[in-house]
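Engineer: Chains as they are written, first to last, in the working numbering: chain A, 1 to 705; chain B, 1 to 570.
Read the hints as simulated data drawn from the structure, not as lab findings. Incorrect hints may appear among the rest.
Simulated DEER-style distance windows between Cβ atoms [as the list claims (entries may be wrong)]: (1) B:G552 x A:E404: 48 to 54 Å; (2) A:T115 x B:A234: 38 to 44 Å; (3) A:N382 x B:E85: 57 to 63 Å; (4) B:E85 x A:R317: 41 to 47 Å; (5) B:R121 x A:P409: 35 to 41 Å; (6) B:A335 x A:G137: 55 to 61 Å.
Selected chain B positions facing chain A (in silico; Cβ < 7 Å) [unchecked claim]: (7) E31; (8) Y86; (9) D89; (10) E93; (11) H120; (12) A227; (13) T268; (14) H388; (15) K398; (16) H412; (17) I413; (18) G420; (19) E431; (20) E442.
Idealized CB from N, CA, C, for every residue including glycine.
Residue-level listing of the chains:
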Amino acid sequence: MGLKIGIDVGGTFTDFLVAWQDREPEIFKVLSVSDDPSAAVINGLTEIASKQEPSLGLSEFLQRVETIVHGTTVTTNATLTRNGAKSGLITTEGVRDALEMRRGIREEQYNNRYTNVKPLVPRYLRAGVKGRLRRDGSEVEALSLDDVEKAIELFLTEGVEAVSICFMNAFINADHEHRAAELVRERMPDAYLTVSTDLLPSIRFYQRTSTTVLNSYIGPILNDYLEQLTGRLGRNGFNGLLMIMQSNGGVMTPETARKTAALTLLSGPAAGPGAGLVYAQAHDQQNCIVVDMGGTSFEAALVTGSPVLVNEGVIDRHRIALPMLAIHTIGAGGGSIGWIDEGGLLRMGPQSAGAVPGPVSYAQGGRLPACTDANLVLGYLNPDFFAGGSMKLDIEAARAAIKEHIAKPLGMDVESAAAGMYRVACNNMAQGVREVTIKRGFDPREFPMVVAGGAGPIHSCMICEELQIPFQIVPRESSILCAVGMLMGDLKHDFVRTFFARMEGLDWPALQTLVTNMVDEGTAMLINEGISQERQQFQVKLDCRYQKQYHEVSVEVEREWIEKADSDAIHSAFHAEHNRLYGYSLEDQQVSVDLINVRLQAIGVTDKPDFREQDYAGQDASAAFKGERDMYIFSKKAFFPVPVYDGHKMHFGNFVRGPAMIEQVTTAILVSDAYDCVLDQYGSFVVYEKGREDLLSPKLSGDQQ
Amino acid sequence: MNHEDKSVETGQIDPILLSVYARTFKSITDEMSLSVEQTARSPILCEAKDFVTGLYDAAGNMLEQTENLPILAFSLAPVCKYLVEYFGDDIHEGDVIFHNDVFSMGNQNNDVAVYKPIFHRGELVAWSAVKGHQADIGGNVPGGYNPRATEVWQEALRIPPVKVYEKGVLRKDVWNLIFANIRLEIVQHDMRAQMGACTVGERRLLDVLEKYGRESFENHKTALFDATRKMMEAEIATIPEGIYSGEGYVYFDGHNLGTKFTIRVTVTVKDKHITFDYSDTDAQTDGFVNGTYTSSASAAILTFLQMVNPDIPHNEGMVGPIDMIIPEGTILNAAYPKATTFGNHLCPPNADAIIRALAPVIPDRVTAGWNNLLASLTTGLDEEKDEHYVDIGFMGLKGGSGAMNGTDGYDHIGMIDASGGILDQDYEMFEQQTPHLLKRHEYLIDSAGAGEWRGGLGVETEFIIGSEDTQLVTFGDGDFEPAFGLFGGKGGTLNEIKLTYPDGRVVVPNNKDLIEGVPRGSIYHQYAGGGGGYGDPAKRDRASLKEEVRNGVISVEAAKTAYGYEESNS
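Use the sequences and the hints to build the structure in full.
Structural biologist: Below is the structure:
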């Protein structure tokens, strides 16, 4: 196995993880280039090549690279900034406004200043055409190709670059859509085309339309980007495999990504949960919570054996009904600004100072106190060792801003105000963790928390105290966790088909045929991507609900159950899942269960880099001791001297008692007085509740050595 | 964990902890709401979200609510206070209480509430509650809307406070008595879903109490009410002191065609308090077009909340500075035993009266008139599936909101008492769950009231009825008087429902009506009107008009006649 590189292009930094076969992985970060993201990729690779011993040229280096896995935010940004392709929609006559109406919701009910989000296709480019199918797929009215032709004429006149086709009830009969598509391909060969049933052949017209349109809107953007990236890499000697991270936590080839651009909307953060799992597995844990706190946002996700998938989500108020990891994002980061509301309550965020002007202490023009400023006042950040000392922090400016905007209005001293900011920020993040755990029926206390992001490990102890989570893992690579995760991703392709049936009297042969066809489709895709049979896996889920319920529950089932027509097994899996999610099931009431959709995930297992285990270095961490610094201790509401350690000098087995601060170049770990810390065999920092040595594997408790 | 010490230092209010409490209460009621949404059966609960979840203190004061449909929202705390008084010291851990009675603070017969007392270390500390609109509640007509009713018993089963669980034990006799009087079995499942959500709320609140202790909870609760009250008082203080009055109109009581009733409000702003006095409102009607105290109070509160900072927390402190005078015997507070099911839908004319009263003094904070509700419900047999269906036409009933200075009205948002909280049926699900075929559901061209800021657009809905012998119930208004414009803005368009039978006959139901025997193949046609405009249409931004004409939501002719806009002079 050769050299693999994970590349995560973020808003501020582009992160690299270089995984060698025979030595420690290397971490690199370069500044992102917002208007030309692939330039940062090349810049970073050039820098990495030059730092090799001996120093290499870019193409010399790239020739040795076997695989690059890449996460990108180009499609997310294009959606958020409304810089997608000029798009047209061909849909059924009479329902062309569904896209814009969004089922008539106003998310803020009492706010009359809150306006609707602009549709991604304006009304004059949404063409209704004659042609209608009934709910069973039979034709009521023939498709009017004349109407399609008229729409095409309009699109050509208006310079439309991307076309979406979505017809009523096409999920059960795609004939009209395919005939319209044929005409569009013929007349607009250069346009990007998305046919709803190719992307998402499942029921719910608005969701399908919205998803189809999003795909077309960002398709050309992703195409251009990939062309540029593959071009640049190719010209510089790369002839390995390039993979793109997708929202479901898997990877795909650029060819697949071109057709299904909407699958990349969570491309950046989607790698985090899978990476978190790898670190948790080092402790024999198959489940974990993964949190990532950066400059402007906080992301939380749950892993139960594998990262938790949801069947749909929302981006900028547009619905997207494609499987994606359940990643909950809130506006809480190092840059989140503290403020006092009209009722005198302290609030943090969601407004962020961002990278520019940044927190007050950056001394780059920021005037409003941010979370980072509070951390500095509390002693949690070292003003002389921020980003490894490359940036000086102005603590006096931070104090002054907190005094003016927080302490004075609340009638308290600066330190208490800073402590309040820290606490409210942590409470917000704890609520974010609740979203992915308690709200989905999981108890957070049962999960270790893997902590990532530059600002994460400074706050994680209080978040965990709030939620009573006794066990945290801070990977050495925590500041670039997503880049790590990119190298952990398997190829993953999701398929969904609507299949209406009542479980009693189910047409099993029809269901078996459907599943077989879906597996065949997945197999063909994986074979096309060079995945041999023994590396192919298939997971089947059934979306079920009780008779007359409106919302379905996705239940994982064994293929064998379907093959053997094992109705009982499917029933009990559904009852159990419903009970777990909502606290009750209707198993005893004998209520009928309806099947709505069949879902299949085709997985192509890829090679993962091995993490090298370190040699046991004993409990003594004194070699890493740097001195003491005064820090605010919450349980005592006062400052006390706290020992500070150099994380880079700590090794497997080293132990420090909380409270303690462990500093690294890209992150700092605050071990509160309720926790202690020990390093595991991969060099991860394991932060556990005092007295809970029982949670540690024998390797870490120091007994056997 | 050693959390007890935190409550020792009580008496003192920790301003930080106060923020933590406020945020936590909100996340609890949100979680309760999600639980109902995901598990309920009736589309009116899980699709239209016609329910409210809340937490209350031991005395029944509101701690926080999630108000999916605001018209129910401000009856939960009054009912909770009533329960505390009603049961006195007979409230125990494990009790579950049902209530819908409109003559003891209930807002509408169909809105049935579940209350669960929360005990911490043996003491009553709080309540969790969920009130939701049930698909049936007994009475003469399935679904509860009986335009012919004159007394409550023709509308519904009355449920004064009753324990269905006592000390954790199901009272099977009581449960069976209630559900023996309700037509649909799904109502039992939906009440179970509401009970489940109350348990979710109870668990979470007990976590908070375990963590911070009872004393800290009580002190911070009081401080939270005070802080919120101050916010609301500060908002009211920005309205010039004075006495203002306005009117709104109700058309047709369901019995006598041509009847019209007036809602008159006198709003007094003084000493950081605002009073809504309905003493001069018309007397109650003989039919079901009557309000209840809490439905009318909710209408006034939700209308006023749209004129203030939307970030004020929803707790007892928020409603403290708002006073209500709604005399019994008026159309807004009918006396026992009058019929009242239409009461929630008196919100739009009530809102009209309040807006008209306050528009002259706070012209930048009011909207023009909103489209009034005109709804329909179809029932029949889906022969292909051999199943009975009931469909409330959510997608068809939602018109546009009124414009305000600086902001156009919101298109297709629905009546003011939902304010965008009710969702359309998904079109494909609609065709799966009814035998109908949807022909059209699009913005209604030229429906928005013209103005410098235009009203929200209404919608046009057309479907082919797919069942033989279909029953259609209509309830609502807005077919006599359109949403009004303000400060030179024009009114929106009228509501209309009509049926075209296969033989060509056209039937136009009254706005509160019951039509039987509608044949298969009939075409159902509905127009939900637009909202009122704000300010002189001649001042409307020309670039916006150009876009609207291009998008076809304002016709070339209307642009010319209503706005004086022509493509050539742009």
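Engineer: To test your reading of the hints: which numbers does this structure violate?
Structural biologist: 2, 8, 9, 10, 11, 13, 14
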